[in-house]
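> If you're matching them up, the sequences are chains A and B in order.
14 is the number that my numbering gives to position 14 of the first sequence; each next residue is one higher, with no gaps.
122 is the number that my numbering gives to position 122 of the second sequence; each next residue is one higher, with no gaps.
Just to be clear, a hint being listed does not mean it is correct.
[What the hints assert, rightly or not] Listed below are the simulated SDA-like cross-link pairs for lysine to any residue, each with C-alpha atoms no more than 20 Å apart in a straight line:
#, chain 1, residue 1, chain 2, residue 2
1, B, Lys435, A, Leu41
2, B, Lys435, A, Tyr42
3, B, Lys124, B, Ala79
4, B, Lys180, B, Pro295
5, B, Lys180, B, Thr191
6, B, Lys435, A, Arg38
7, B, Lys91, A, Val72
8, B, Lys435, A, Tyr19
9, B, Lys435, A, Phe43
[To be verified] Using C-beta positions, here's what the derived DEER-type ranges look like:
#, chain 1, residue 1, chain 2, residue 2, range
10, B, His81, A, Cys61, 58 to 66 Å
11, B, Leu358, A, Ala78, 29 to 37 Å
12, B, Trp159, A, Gln36, 30 to 38 Å
13, A, Arg52, B, Ser57, 36 to 44 Å
14, A, Asn74, B, Asn150, 27 to 35 Å
15, B, Lys355, A, Ser15, 26 to 34 Å
16, B, Lys165, A, Gln36, 39 to 47 Å
No lab work stands behind these hints: they were computed from the structure.
The beta-carbon is built from N, C-alpha and C at its ideal position, and this holds for glycine as well.
Here are the chains, one letter per residue:
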Amino acid sequence: MMLLPCPWCGPRNVSEFRYAGEAGTRPEPGQATPEQWRRYLYFHTNPAGWVRESWYHGAGCRRYFPLERHTVSNETRATGESR
Amino acid sequence: MNVAGNSQDNGRRNGRPPSHNGKARSSRSRYSALRLLRHGLSQQDWPLAWRQPPMRSSYDVVIIGGGVHGLAAAYYLAANHGITNVAVLDKSYIGSGGSGRNTAILRSNYLTPEGIRFYDRSVKLYEHLAADLNFNVMFSQRGHLTLAHNDSSLRTMRWRAEVNKLQGVDSDVIDAGEVKKLVPYMDTSTTVRYPILGALYHPPGGIVRHDAVVWGYARGADALGVHIHQDTEVTGIDVSGDRVTGVRTNRGDISAPVVVNCTAGWSTLISDMAGVSMPVQTFPLQAAVTEPVRPFLDTVVVSGTLHVYVSQTDRGELVFGASVDPFASYSTRGSLEFIEGLAGHVLELMPPLSKMRLLRQWSGLCDMTPDYSPIMGPTPVEGFHVDVGWGTYGFKAGPVSGEAMAETIATGRTPEIISSFGLDRFTQGRLVGEKGAAAVGH
Numbered sequence: 001m002m003l004l005p006c007p008w009c010g011p012r013n014v015s016e017f018r019y020a021g022e023a024g025t026r027p028e029p030g031q032a033t034p035e036q037w038r039r040y041l042y043f044h045t046n047p048a049g050w051v052r053e054s055w056y057h058g059a060g061c062r063r064y065f066p067l068e069r070h071t072v073s074n075e076t077r078a079t080g081e082s083r
Numbered sequence: 001m002n003v004a005g006n007s008q009d010n011g012r013r014n015g016r017p018p019s020h021n022g023k024a025r026s027s028r029s030r031y032s033a034l035r036l037l038r039h040g041l042s043q044q045d046w047p048l049a050w051r052q053p054p055m056r057s058s059y060d061v062v063i064i065g066g067g068v069h070g071l072a073a074a075y076y077l078a079a080n081h082g083i084t085n086v087a088v089l090d091k092s093y094i095g096s097g098g099s100g101r102n103t104a105i106l107r108s109n110y111l112t113p114e115g116i117r118f119y120d121r122s123v124k125l126y127e128h129l130a131a132d133l134n135f136n137v138m139f140s141q142r143g144h145l146t147l148a149h150n151d152s153s154l155r156t157m158r159w160r161a162e163v164n165k166l167q168g169v170d171s172d173v174i175d176a177g178e179v180k181k182l183v184p185y186m187d188t189s190t191t192v193r194y195p196i197l198g199a200l201y202h203p204p205g206g207i208v209r210h211d212a213v214v215w216g217y218a219r220g221a222d223a224l225g226v227h228i229h230q231d232t233e234v235t236g237i238d239v240s241g242d243r244v245t246g247v248r249t250n251r252g253d254i255s256a257p258v259v260v261n262c263t264a265g266w267s268t269l270i271s272d273m274a275g276v277s278m279p280v281q282t283f284p285l286q287a288a289v290t291e292p293v294r295p296f297l298d299t300v301v302v303s304g305t306l307h308v309y310v311s312q313t314d315r316g317e318l319v320f321g322a323s324v325d326p327f328a329s330y331s332t333r334g335s336l337e338f339i340e341g342l343a344g345h346v347l348e349l350m351p352p353l354s355k356m357r358l359l360r361q362w363s364g365l366c367d368m369t370p371d372y373s374p375i376m377g378p379t380p381v382e383g384f385h386v387d388v389g390w391g392t393y394g395f396k397a398g399p400v401s402g403e404a405m406a407e408t409i410a411t412g413r414t415p416e417i418i419s420s421f422g423l424d425r426f427t428q429g430r431l432v433g434e435k436g437a438a439a440v441g442h
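When you get a sec, could you build the whole thing from the sequences and use the hints?
So this is what it looks like as structure tokens:
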């Protein structure tokens with residue numbers, strides 16, 4: 001079993017969460033060029049190591065929160081932030 | 001330049017046919033029934049199927065990744081275009097990645113015309129592969145069923161069947177009664193949670209012996225002069241200006257004007273070394289196999305709704321696969337949650353299997369692209385080509401990818417069959433959406 005540290009509910013089984021991908025900065029939709037927008041949509045760093053992600057606690061507090069996870073060992077660490 | 005180092009037989013520790021050391025290139029006598037009989041009676045070891053040559057300091061083409069894609073590209077470079085000064089590098093033993101971890105299903109009933117043409121060419125190449133390579137790859141065209149459990153899947157299947165037929169691919173929608181005739185053990189009753197309404201039936205689909213495909217290409221490429229370097233990990237790619245000039249490995253540097261990334265799982269990490277970013281995320285996909293039983297399952301059975309596919313190997317084991325894990329990871333650890341879910345779904349389809357015992361489970365890494373189609377061809381770095389983003393459908397495309405990548409490298413032009421799979425499609429918004437036909441869990 002793999003536990004994720006939800007900042008609101010504490011450590012919970014990973015099956016309660018939905019993965020929302022790497023945390024990225026969304027370009028301003030009104031100003032971004034199509035190329036910038038597509039880059040934001042499709043390109044990720046996909047590292048083999050620590051990465052900052054968004055997760056959604058669908059079976060708990062139903063909130064999105066940031067999380068750092070090691071993609072090889074699946075260790076997680078809370079970011080200290082709740083949103 | 002380190003050429004001395006590695007003298008061990010890489011294959012041996014895996015009980016695989018190891019490569020040979022040096023000189024004996026001649027042992028390329030053909031495999032045949034007569035030879036099998038004669039050799040069997042002689043009680044001697046079989047000669048090794050491919051060499052382990054010393055590493056040169058430069059090659060015309062360096063291929064990173066010794067799986068079916070990399071070895072097929074090397075084979076077709078030598079066989080179709082006469083380019084033999086080629087090295088295939090693998091950080092472990094050949095076929096240790098996706099090529100040895102897939103569920104060996106071949107089919108061409110995709111959704112887009114581009115996809116269908118491409119995968120159909122691969123099935124055609126697989127049909128003649130055993131003869132071409134003089135290596136029995138055990139391709140068994142036993143038919144492929146994709147089950148529909150609801151109206152929307154049935155609609156997608158009708159769509160797929162019609163596009164398939166237009167492209168000349170044998171594919172049709174059949175009803176639950178016909179499914180029952182093909183797979184008598186299937187529960188086709190209407191009182192279950194996910195009743196079977198029909199299926200997309202694809203008679204040319206089937207399964208193949210995946211390791212044999214890797215070994216066959218390795219033996220074929222080696223016989224034509226290609227160097228296969230196992231246990232050779234690429235640690236860097238040299239780029240000068242916007243041209244690739246070589247690779248750095250744990251066994252020394254190699255200079256090469258052409259470098260091809262044929263890896264799965266590590267494709268973003270390798271491309272990053274050349275400064276090329278990839279729209280790829282790596283997800284593990286788990287699979288499992290049961291103990292062998294007598295033959296009872298003739299076709300390959302896939303259910304998108306239940307996230308499972310089942311086939312029975314020639315040895316009698318049932319091979320199960322599923323959709324990718326729900327989050328990106330490079331971890332190849334199996335999970336109990338996966339196996340519990342899988343078993344439940346399999347029993348939903350075939351209740352008599354409840355007494356079957358699982359032998360083992362494993363997982364492989366899938367490089368998922370946004371549109372479920374691969375990324376093939378040149379990159380902004382001249383001489384650096386990619387054949388990546390193979391998601392959950394890479395094995396079946398091995399031969400055609402090798403053929404097309406070899407043509408791209410030899411002629412400098414991207415052949416029409418892969419022209420829609422270029423890396424530039426993501427910045428130009430020309431995606432080739434195959435999710436409806438490539439993904440199990442959609």
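> Next step is simple, just say for each hint if it's right about the structure.
Right, here's what the structure says about each hint:
no.: 1; hint: B:Lys435 with A:Leu41; result: holds (17 Å)
no.: 2; hint: B:Lys435 with A:Tyr42; result: holds (15 Å)
no.: 3; hint: B:Lys124 with B:Ala79; result: holds (17 Å)
no.: 4; hint: B:Lys180 with B:Pro295; result: holds (17 Å)
no.: 5; hint: B:Lys180 with B:Thr191; result: holds (15 Å)
no.: 6; hint: B:Lys435 with A:Arg38; result: holds (18 Å)
no.: 7; hint: B:Lys91 with A:Val72; result: holds (17 Å)
no.: 8; hint: B:Lys435 with A:Tyr19; result: holds (19 Å)
no.: 9; hint: B:Lys435 with A:Phe43; result: holds (18 Å)
no.: 10; hint: B:His81 with A:Cys61: 58 to 66 Å; result: holds (59 Å)
no.: 11; hint: B:Leu358 with A:Ala78: 29 to 37 Å; result: holds (36 Å)
no.: 12; hint: B:Trp159 with A:Gln36: 30 to 38 Å; result: holds (34 Å)
no.: 13; hint: A:Arg52 with B:Ser57: 36 to 44 Å; result: holds (41 Å)
no.: 14; hint: A:Asn74 with B:Asn150: 27 to 35 Å; result: holds (33 Å)
no.: 15; hint: B:Lys355 with A:Ser15: 26 to 34 Å; result: holds (28 Å)
no.: 16; hint: B:Lys165 with A:Gln36: 39 to 47 Å; result: holds (41 Å)
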